[in-house]
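*Asks:* Below, each chain spelled out in residue letters.
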Amino acid sequence: EAAVTQSPRSKVAVTGGKVTLSCHQTNNHDYMYWYRQDTGHGLRLIHYSYVADSTEKGDIPDGYKASRPSQENFSLILELASLSQTAVYFCASSDPGAGNTLYFGEGSRLIVV
Amino acid sequence: GQQVQQSPASLVLQEGENAELQCTYSTTLNSMQWFYQRPGGRLVSLLYSPSWAEQRGGRLTSSAASNESRSSLHISSSQITDSGTYLCAIPYRNNYAQGLTFGLGTRVSVFP
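Top to bottom, those sequences are chains R and H.
Per the numbering used here, residue 110 is the first one in the first sequence, and the count goes up by one each step.
Per the numbering used here, residue 200 is the first one in the second sequence, and the count goes up by one each step.
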């Protein structure tokens, strides 16, 4: 079974503070993704990466940075957290060459106050 | 940008009833996917088109026309454990390597 783990699972952050969400996969997948889920907006792609040390912008990259230091790890960084970034964040991995489905982590619930 | 619309937004079923969930998208595609999510839980892939033969426990089937921009998910003999949100997804910018674009989902509630 594919395994994607996220940390922390939940966090309360202060407006203007820095937040780092981490994702680790043991699937040996090249592709990784960060999504946020909000009521009324559904899942939206923030950043993705197809190789270590490289990241790409998705639909809503503003206010977020991403880092892919290795194939297994993909982080989402909020340098200056804002109230509007309160959401649930999901990490996923895939191997498009072996099937196009995404394997998701359990999500990280972020509340910015 | 790409749009994925799902209907109905919510659905209430009595255990044993059948249901059909609809998904329409703003482009013609060769494939799409259905996911399932429990409240507060991770998304789990259910069915990946065009592998129509894939089913979960034999009670889920997905149907679509290759030349139409819509798909349906059929749930037969619903069970309480089917409760949750079902999301339709298409390849982002028509490229699976760039992830998926999701609809808002259909929230299904099954009662005894």
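None of these hints come from the bench; they were simulated from the model.
In this text, a Cβ means the ideal position worked out from N, Cα and C, and glycines have one as well.
Check each hint, because a few of them may be wrong.
Pulled a few chain R residues facing chain H out of the computed Cβ check, cut under 8 angstroms [stated by the list, open to error]:
hint: 1; residue: A122
hint: 2; residue: Y140
hint: 3; residue: Y142
hint: 4; residue: G151
hint: 5; residue: Y159
hint: 6; residue: V160
hint: 7; residue: G172
hint: 8; residue: Y173
hint: 9; residue: E181
hint: 10; residue: A196
hint: 11; residue: F199
hint: 12; residue: P205
hint: 13; residue: F213
hint: 14; residue: I220
hint: 15; residue: V221
Far from chain H by the CB rule (all over 10 angstroms, computed), these chain R residues [to be verified]:
hint: 16; residue: L154
hint: 17; residue: S176
hint: 18; residue: P178
hint: 19; residue: S184
hint: 20; residue: Q194
To give a feel for the contact side, a few chain R residues facing chain H, derived at Cβ under 10 angstroms [said to hold, decoys possible]:
hint: 21; residue: Y144
hint: 22; residue: G149
hint: 23; residue: Y157
hint: 24; residue: D162
hint: 25; residue: E165
hint: 26; residue: D168
hint: 27; residue: P170
hint: 28; residue: D171
hint: 29; residue: L192
hint: 30; residue: S193
hint: 31; residue: N209
*Asks:* Taking the numbered hints from earlier one at a time, note which ones the structure violates and give those numbers from smallest to largest.
*Replies:* Hints 1, 6, 7, 8, 9, 10, 14, 15, 16, 24, 27, 28, 29 and 30 contradicted; others consistent.
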